[in-house]
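Chemist: Construct the entire structure; sequences and hints are all you get.
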Amino acid sequence: MAGDAKPRLAVFKLASCDGCQLQMLNLEDELLDIAGKVEICYFLEARSQILDGPYDVALVEGSVTTEHDVERVRDIRRNSQMLITIGACASAGGIQALRNMQDVDEYTRSIYANPSYIHTLSQSTPVAAHVTVDFAINGCPISRQQLLEVLTSLLIGRAPQLPTYSVCVECKRKGNVCVLVSRGIACIGPITQAGCGALCPGFNRGCFGCYGPMESANPDSLCHRLAMRGIRRAEILRLLNGFTGWAEEFRSAAEKLEKTSP
Amino acid sequence: MVGSTAPRVSATAILPKPALQRVLDNLCQSGFQLIGPTVRDGAVILDAIRNISELPIGWTLEQKAGSSHLLRTHSTDYFGCPVGPHSWKRYLFPPHFDLLTAHRNSHGWTFEPARDDSPPFAFIGVRSCDLHAISIQDDVFVNGAVSDPHYARRRERAFILAVNCNTAASTCFCTSMKTGPRVLSGFDLALTELPESFVIEIGSEAGSNVLAGVDWQPASAFDLGRVTQIMQRTERQIQRQVTTSDLPQLLYDRIDHPYWDAIAARCLSCANCTLVCPTCFCSTVEDHSDLTGTNTKRTRAWDSCFILDFSHVHGGNSRPTVKSRFRQWMTHKLGAWIDQFGRSGCVGCGRCIAWCPVEIDITEELSTLRSQGAR
Amino acid sequence: MSATTMFEPAAIADPMLPYPAVVRAIRPETYGISTFSLEYLDPAAQAGFAPGQFNMIHLPGFGEVAISICSDPNTPKVMEHTIRYAGSVTRAIGRLRVGDTVGMRGPYGNPWPMQLAEGKDLMIVSGGIGLAPLRPLILEVIHRRSSFGRVLLLYGGRTPQDLLYTGEFEKWQDGGIEMNVSVDRADETWKGQVGVIPMAFYRIRLDHRNTLVFSCGPEIMMRFVIYEAMARRIPKEAIYVSMERNMKCAIGFCGHCQLGPAFICKQGPVFQFSTIEPFFGREEF
Chain G
533 MAGDAKPRLA VFKLASCDGC QLQMLNLEDE LLDIAGKVEI CYFLEARSQI LDGPYDVALV
593 EGSVTTEHDV ERVRDIRRNS QMLITIGACA SAGGIQALRN MQDVDEYTRS IYANPSYIHT
653 LSQSTPVAAH VTVDFAINGC PISRQQLLEV LTSLLIGRAP QLPTYSVCVE CKRKGNVCVL
713 VSRGIACIGP ITQAGCGALC PGFNRGCFGC YGPMESANPD SLCHRLAMRG IRRAEILRLL
773 NGFTGWAEEF RSAAEKLEKT SP
Chain W
3 MVGSTAPRVS ATAILPKPAL QRVLDNLCQS GFQLIGPTVR DGAVILDAIR NISELPIGWT
63 LEQKAGSSHL LRTHSTDYFG CPVGPHSWKR YLFPPHFDLL TAHRNSHGWT FEPARDDSPP
123 FAFIGVRSCD LHAISIQDDV FVNGAVSDPH YARRRERAFI LAVNCNTAAS TCFCTSMKTG
183 PRVLSGFDLA LTELPESFVI EIGSEAGSNV LAGVDWQPAS AFDLGRVTQI MQRTERQIQR
243 QVTTSDLPQL LYDRIDHPYW DAIAARCLSC ANCTLVCPTC FCSTVEDHSD LTGTNTKRTR
303 AWDSCFILDF SHVHGGNSRP TVKSRFRQWM THKLGAWIDQ FGRSGCVGCG RCIAWCPVEI
363 DITEELSTLR SQGAR
Chain L
-4 MSATTMFEPA AIADPMLPYP AVVRAIRPET YGISTFSLEY LDPAAQAGFA PGQFNMIHLP
56 GFGEVAISIC SDPNTPKVME HTIRYAGSVT RAIGRLRVGD TVGMRGPYGN PWPMQLAEGK
116 DLMIVSGGIG LAPLRPLILE VIHRRSSFGR VLLLYGGRTP QDLLYTGEFE KWQDGGIEMN
176 VSVDRADETW KGQVGVIPMA FYRIRLDHRN TLVFSCGPEI MMRFVIYEAM ARRIPKEAIY
236 VSMERNMKCA IGFCGHCQLG PAFICKQGPV FQFSTIEPFF GREEF
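Residue numbers (my numbering), protein chains in the order written: chain G, 533 to 794; chain W, 3 to 377; chain L, -4 to 280.
These aren't lab readings, by the way, just hints derived from the structure by calculation. Be a bit skeptical, because a hint or two may be false.
As the list claims (entries may be wrong) - Once the Cα atoms are required to be at most 27 Å apart in a straight line, the calculated DSSO-like pairs of lysine-lysine come out as:
| id | chain 1 | residue 1 | chain 2 | residue 2 |
| --- | --- | --- | --- | --- |
| 1 | L | LYS166 | L | LYS186 |
| 2 | W | LYS180 | W | LYS66 |
| 3 | L | LYS72 | L | LYS186 |
| 4 | G | LYS706 | W | LYS180 |
| 5 | L | LYS166 | L | LYS115 |
| 6 | G | LYS569 | G | LYS545 |
| 7 | W | LYS299 | G | LYS569 |
| 8 | L | LYS72 | L | LYS231 |
| 9 | L | LYS186 | L | LYS231 |
| 10 | L | LYS72 | L | LYS166 |
| 11 | W | LYS299 | G | LYS538 |
| 12 | G | LYS706 | W | LYS299 |
Said to hold, decoys possible - Here are the computed distance ranges between Cβ atoms for each label pair:
| id | chain 1 | residue 1 | chain 2 | residue 2 | range |
| --- | --- | --- | --- | --- | --- |
| 13 | L | GLY144 | W | ASP100 | 47 to 57 Å |
| 14 | G | GLU767 | W | GLY60 | 28 to 38 Å |
| 15 | W | ASP341 | L | GLY27 | 55 to 65 Å |
Said to hold, decoys possible - Some residues of chain W that are not near chain L, with every Cβ distance over 12 Å (derived):
| id | residue |
| --- | --- |
| 16 | THR40 |
| 17 | LEU73 |
| 18 | THR78 |
| 19 | THR177 |
| 20 | LYS180 |
| 21 | GLY227 |
| 22 | MET233 |
| 23 | THR296 |
| 24 | GLU366 |
| 25 | SER369 |
| 26 | ARG372 |
Just so we're clear, the structure is a prediction, and the values are computed from it rather than from any experiment. Where is the CB? At the ideal position from N, CA and C, for every residue including glycine.
Modeler: And the structure:
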């Protein structure tokens, strides 16, 4: 970060659960250090004080689901030197992007007594669908370590080092036994980006893709093999259509799978 | 004879199976941390053990490409279960290892080597393929011009209690790679498991010493005959055959073969094969600094040629496609390794076959590639 | 295993451990490229170096990079490194000032075969920043000029602004190096040759029985250099190239720098072309 003034940081929220912002507050050991190194200008989850932009770094949580969100995200972009999305919603559309595959009007009519009060877009989309994003931190929620790595790298002036490889690498380094190979549990760790520390496989569950597709992900090959092992199509779809289901690689794999027989 | 003295180096003794506990106790008392096979999460993994009851007694393995299942048997064999997903490299070349720390003061940077506080390890139940794998990693880390002191320290202090396999998995092909199933050298003690006893070969002074106070007798010609029979039976069990005589040239001749495109359509580049491999030695080194940048820890971690960043150079990547990464792995493992170290990088343990999520079988891929011409 | 060394936590001399080195001078070369003069704080860390070898330079918090030593091997106390600000580490090195420290270890790698070169004609072919690992060789040749035959330098850059060490060219020429400098694209200031480097072969007569070719530059350039040299009946055994790959350790542990059977950090970076021919220039290999 150039200059001697403290970098100005803002944390924004769109359609999301606040869990990723909370991860910042969960950085208990480092939070005071961070607060000493940056000027926190906007972070409603932590303080009510609001300082106007421009900001050096904007962390954006949440997906774009309303016209108002579209306006806001453009405004954030205009006011920020660097825009970093945090979490599956901002980076991939989030769990709310499940509606992208359904008729939102029909949902609205059947759920709300006065659907006319509901102003929503037909799709929940990632921030990058609307403005240029400089860097994405994935995960649902994001990992504290990854957030710290990004903040540290920005402060000392280097590119953040986040893994782009599979969850399997984390499993194998930790010594987890592969749930897919040893017990036939459906797991999309081999196509999912690492970052969570292989949390689910460590508890004998299959990975369901919170960190989104890894680089060079090959979902078709994995889905084919899962099906050959006798895992039901609905089960594989459930894994793909999760928190990062709207990410291109997972979405297209799910679409192809939909066309096969159950 | 019983227990009063220890058998001499290269002697062969026989002891009742439960007497192995005394051997383990002796090792513990000598300050070793015992690492051995034990059942966890549906597989036999390697972990700290103290008691023979923690061994995978009565378990065996049903394994094929992409699947590995433990089966209960009526047998009371301690070591009837072939190799699981872990290998000994986890302890000699750990997945994460702190190399050094750097501190900045008013005079600039100072660098300090990290301290490795690990105890000496006693590896319980090392199979012949894995013994060869350790020796292959020795080539990389200590037998070259530069020695890795961290590996060397762990390796020199390690006690090796080897085991002759009395059962093979369908993924095993050590006979093709000439790495087993019988343990020939490089051990402190080597066991062969009979139904009620262990025949034990003493490979070193250290091996002899830990038999002090153990209920042993000299092995008879009849006992040794049973060992030979068991080893012949295991060899017969190993059905998987790999031709190696045309390596490495076979692979060098097929660098531009369209076959690699076909395999890339299946491969996930998830890196599982390289991480379960007992010989794969690639690592990355990363800096982790605090927010001020004044304190940095430099850590070495397992890496893999399947990971995109592995081949990153400024202005691009020398292996951007999965095709090129798979080719690098297989060409190195079965080919270039021979030119580099005088022997194959594959010991025929079958781990990469069993633990591949999409059932890619290196032995089948090699046959397919061979059946197609050079390109 | 040995019982005597048990239980002692070891602080071990590690070949991965860098030694502090201080930045003595920074000389800007071209846009985004500067030459850093580095000197070990502890003179005992200095082992001397041969032309073509490289050091690992570590900037804590950023990482470590392999950089060719580009200065005179006869004065190894202060070693020069020409660095392009291309990645995180090199950009951070670019922010250093004279008096700052870095970590350094080395030298590593197989150098240019200076002894073989004695009595021979030398054809040095280089592009862009590829001149850096050849500069120690040029300086060494000038020191012992009478030990070598004819010495030609074919050097090219994309534009005149991309050429390194231009301020020394006159001295090199006076030192007995035949200079052939060209650019791909000229501007109004440029009075020299225009065209890609391999084209320079067409202007030169070679004694193919007594010439060694030393080349470093982009792989695509080296491919054409090898082609042109072999077309002039220079045997592949007489062609030497310096290669580049990702490197994490420089001592054969990390596995990153492999090119077929070769580890570039150990058998390279300088290779006799005949030894790597089957693997050189193969797509994504």
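Chemist: Confirm or reject each hint.
Modeler: Hint by hint, here is what the structure shows:
1. Under the criterion of a C-alpha separation no larger than 27 Å, the hint pairing LYS166 (chain L) with LYS186 (chain L) is consistent with the structure, at around 19 Å.
2. Using a Cα cut-off of 27 Å, the hinted pair LYS180 (chain W) and LYS66 (chain W) holds, with the two alpha carbons roughly 21 Å apart.
3. Proposed proximity of LYS72 (chain L) and LYS186 (chain L) is contradicted: the alpha carbons are some 37 Å apart, above 27 Å.
4. At roughly 31 Å between alpha-carbon atoms, LYS706 (chain G) and LYS180 (chain W) are farther apart than 27 Å, so this suggested pair is violated.
5. As the CA atoms of LYS166 (chain L) and LYS115 (chain L) are separated by approximately 22 Å, the hinted pair is consistent with the 27 Å bound.
6. Only pairs whose Cα atoms come within 27 Å are accepted, and LYS569 (chain G) paired with LYS545 (chain G) is accepted, the gap being roughly 22 Å.
7. At most 27 Å may separate the alpha-carbon atoms for a hinted pair to count; LYS299 (chain W) and LYS569 (chain G) meet this at roughly 21 Å.
8. Taken as a hint, the LYS72 (chain L) and LYS231 (chain L) pair is broken in the structure, with Cα atoms around 35 Å apart against an allowance of 27 Å.
9. Note on LYS186 (chain L) and LYS231 (chain L): the hinted pairing is violated, with a Cα-Cα distance of about 34 Å set against a maximum of 27 Å.
10. Distance restraint check for LYS72 (chain L) and LYS166 (chain L): the Cα-Cα separation of roughly 22 Å lies within the 27 Å cut-off, and the hinted pair is therefore satisfied.
11. A hinted pair counts as satisfied when its Cα atoms are at most 27 Å apart, and LYS299 (chain W) with LYS538 (chain G) qualifies at roughly 25 Å.
12. With a C-alpha separation of about 20 Å, the suggested pairing of LYS706 (chain G) with LYS299 (chain W) holds against the 27 Å cut-off.
13. The hinted window of 47 to 57 Å between GLY144 (chain L) and ASP100 (chain W) holds, with their beta carbons roughly 53 Å apart.
14. For the hinted restraint 28 to 38 Å between GLU767 (chain G) and GLY60 (chain W), the CB-CB distance of approximately 33 Å keeps it satisfied.
15. The hinted range of 55 to 65 Å is not satisfied by ASP341 (chain W) and GLY27 (chain L), whose Cβ atoms lie roughly 38 Å apart.
16. Distance check on THR40 (chain W): its Cβ is at least 23 Å (rounded) from any Cβ of chain L, clearing the 12 Å threshold; non-interface status holds.
17. With a least CB separation of 35 Å from chain L, LEU73 (chain W) remains clear of the 12 Å interface cut-off, as annotated.
18. For THR78 (chain W), the requirement that its beta carbon stay farther than 12 Å from each beta carbon of chain L is met, with the minimum near 31 Å.
19. Remark: the non-interface label on THR177 (chain W) is consistent with the geometry, its nearest Cβ contact in chain L lying 26 Å away (cut-off 12 Å).
20. The Cβ of LYS180 (chain W) sits about 21 Å from the closest Cβ of chain L, beyond the 12 Å cut-off, so the non-interface label holds.
21. With 12 Å as the threshold on Cβ separation, the claim that GLY227 (chain W) sits away from chain L holds: the shortest Cβ distance comes to roughly 32 Å.
22. With a least CB separation of 26 Å from chain L, MET233 (chain W) remains clear of the 12 Å interface cut-off, as annotated.
23. Against the 12 Å criterion, THR296 (chain W) falls within the reach of chain L, whose nearest CB is about 9 Å from its own CB.
24. The non-interface label for GLU366 (chain W) is consistent with chain L: the shortest C-beta to C-beta separation is roughly 23 Å, beyond 12 Å.
25. A cut-off of 12 Å between C-beta atoms confirms that SER369 (chain W) is not in contact with chain L; the least separation is 22 Å.
26. Under the 12 Å C-beta cut-off, the non-interface status given to ARG372 (chain W) relative to chain L holds; the minimum distance is some 19 Å.
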